[in-house]
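In the order they appear, the protein sequences are chains V and P.
For the first sequence, the positions run 671 to 1240 when the numbering used here is used.
For the second sequence, the positions run 1429 to 1489 when the numbering used here is used.
These are calculated hints, taken from the structure and not from any lab test.
One should not assume that every hint holds.
[As the list claims (entries may be wrong)] Some residues of chain P that are not near chain V, with every Cβ distance over 10 angstroms (derived):
1. Gly1476
2. Leu1480
3. Lys1485
[Stated by the list, open to error] Straight-line Cα separation of at most 30 angstroms, DSSO-like style, residue types lysine-lysine; simulated pairs:
4. V/Lys698 / V/Lys999
5. V/Lys810 / P/Lys1485
6. P/Lys1485 / V/Lys888
7. V/Lys1192 / V/Lys1175
8. V/Lys1014 / V/Lys847
9. V/Lys810 / V/Lys1014
10. P/Lys1485 / V/Lys1192
11. V/Lys929 / V/Lys1205
12. P/Lys1485 / V/Lys999
13. V/Lys1175 / V/Lys698
14. V/Lys929 / V/Lys1231
15. V/Lys1192 / V/Lys1205
[Said to hold, decoys possible] So the derived list for chain P, only partly shown, Cβ under 10 angstroms to chain V, looks like this:
16. Leu1481
17. Glu1487
18. Leu1488
For every residue, glycine included, the Cβ atom is placed at its ideal position computed from N, Cα and C.
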Amino acid sequence: MGNFITERMRVCATTGLTVDLDAQRFIKLNAVFGVVSLLIGAIAAYLLALTRWEAVALLDPIDYYKYISLHGLNMLIFWILFMEMAILYFCASTLLNSRNFSRALGYGQFGLMLIGWATVNFSVLSGRASVMMTSYVPLKAEQEFYLGMLLFAVGALLGVINFFGGVYIARRDRTYKGSMPLVVFGALAAAIIAVFTIVHGAIALIPAWLWSLGALEKAPDPGWYRLIWWGLGHASQQINVCAHVAVWYLLATLTVGAKPINQTVCRVAFVLYIMFINLASAHHLLVDPGVGAPWKMWNTSYALYLAVMASMIHGFTVPASIEVAQRKKGIGGLFGWLTKAPWKDPGFSAMFLSLLIFGFGGGITGVTLGTHQINIIAHNTLRIPGHFHMTVAGGTALAFMGLAYYVVPLIFQREYPLRALARVQPYIFGGGIVIMAVGMTLAGSMGVPRRHPDIDFTGARIAVDMGGATPFLAMLGIGGLIAATGAVIFAALTAYAAFFGKSNKGRAMTSWQTPEQDRMTKNLLTTAWNPAEGKLKTTGTVVLTLIFLASFVVYYFANWKALADVWYVK
Amino acid sequence: MTTPTEAEKPLTEPEDTPVHWLQRFMDNPWLLLMLGFFVPFFSYTVWGWVELLLVKKAELP
């Protein structure tokens, strides 16, 4: 079946899966620099939280824009994309029972991304590129910033090509039967979206780079730049969505032995992502004058709602598969499957918290803020970072943290130290993100702008009174500090485990679960069973779904009411 | 010979079973790659770019 080269493979003592040693090397390299990026972003997060908390106001504006650039780039681009590269290597090799496609492409991918990463971070930290992640022209950074971004993007493209090469040889050599596994299908969706993303990055950043070099006299047109740049900026976050949904399915299997109830439905949801989710980039241009209402409404509503439906499908099928697996173990009651879940396993808790924060927080706010009419009262306020911290940090980053609690023991073959601290880390990070994002959302509802170090305009001749937002900004600051601490704990534990953790070579990883939970999960993983069999109900998930839909309706129509309050129509 | 129960049925179909067109579509990564690139490229990028090109130059009063 497999097409491995004998001297470049090993068999995992825990899962029994074959691991290609080339792929393992690239998984390790990418994961390490992903975690380093997370650490840099988390340190910057401390400074930013203590600045947006106006009672503290730590940084002056110059440093604020430097560190918000550092934070945004490391958290939204570097940490996430390095981790996604690691996921692509894992999916195209171990899960497809196939070897890594090309070692040269692997080194090219990692080398270019590393050079790009170092160049951009140097440029930002030396104060030469305080242009924030968006780098809107005519705001100009020094040329090495754009070059570094381009090198990083080309490296990521090589990683994606290597993934497609892996899919090609696995299909050619028939290393798997039937359709590719669902988790790999999710990674495929992420890789396809990455192609769109990287092409747009090149179209936007090459002219900006030439302009910063002086080769172009005029800056690219700002309206055009924003259109193309968001094909990079938002689409890159859609890679995250596909990747973290794939991680949800993987962790549901590893932690409770779950199987998707209906694979076709899950795959159709990924296809809807592939075709429609990138239209969401239009959200960022909802108040731009250059593009018209039909373009805005089609791209943010009619077509995009197909991708929203896909998220709701995954939001149902993942917990439903967990509920069915738990019921198969004999656990009864409406929510017994949840209360008796392995909440002390950081892989499970991170996955389920990620699902809840992404769905209830990020999803509901995202669809509401993306509505053309409502967007006018929310655009460029703190509500926007409130939304995306619940999708990217509470959703993607938390899911990737949960993944790391299995990747380090299985791929690095080393155990985590301080396991009690690792067990509470997802709660610290997730809890901090929720407090911070709620603070941001409430402050934004009062008109507090995003991307601004001093909303009171201290010393200005016309004073601005944002006093009512003070408690919410304190929530932002305190939540931000808690979340950053959660991220630092994760980075420190993971870095220690990866390099100095106790080796588990030749034996199974130490389980995160109680012996009874571990035994029942392994039983499910090693026996053939059908999750669609009639007696296994999903009543608890249906109740959760109804609560979700009710929350959605309340929040959505409350926003229409808020719009009506500021836009009085006789 | 007894009929297998729902739980005992194999989860994978025999290789000669006809594959549904939707499954064949989803099993084709290259077709999905084309759709995943060109659907948003035309809907978001090309349409938006054309709209920007059609914006009339603002005249000073």
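(message) Flag every earlier hint the structure violates by its number, smallest first.
(response) 1, 2, 4, 8, 9, 10, 12, 14, 17 and 18
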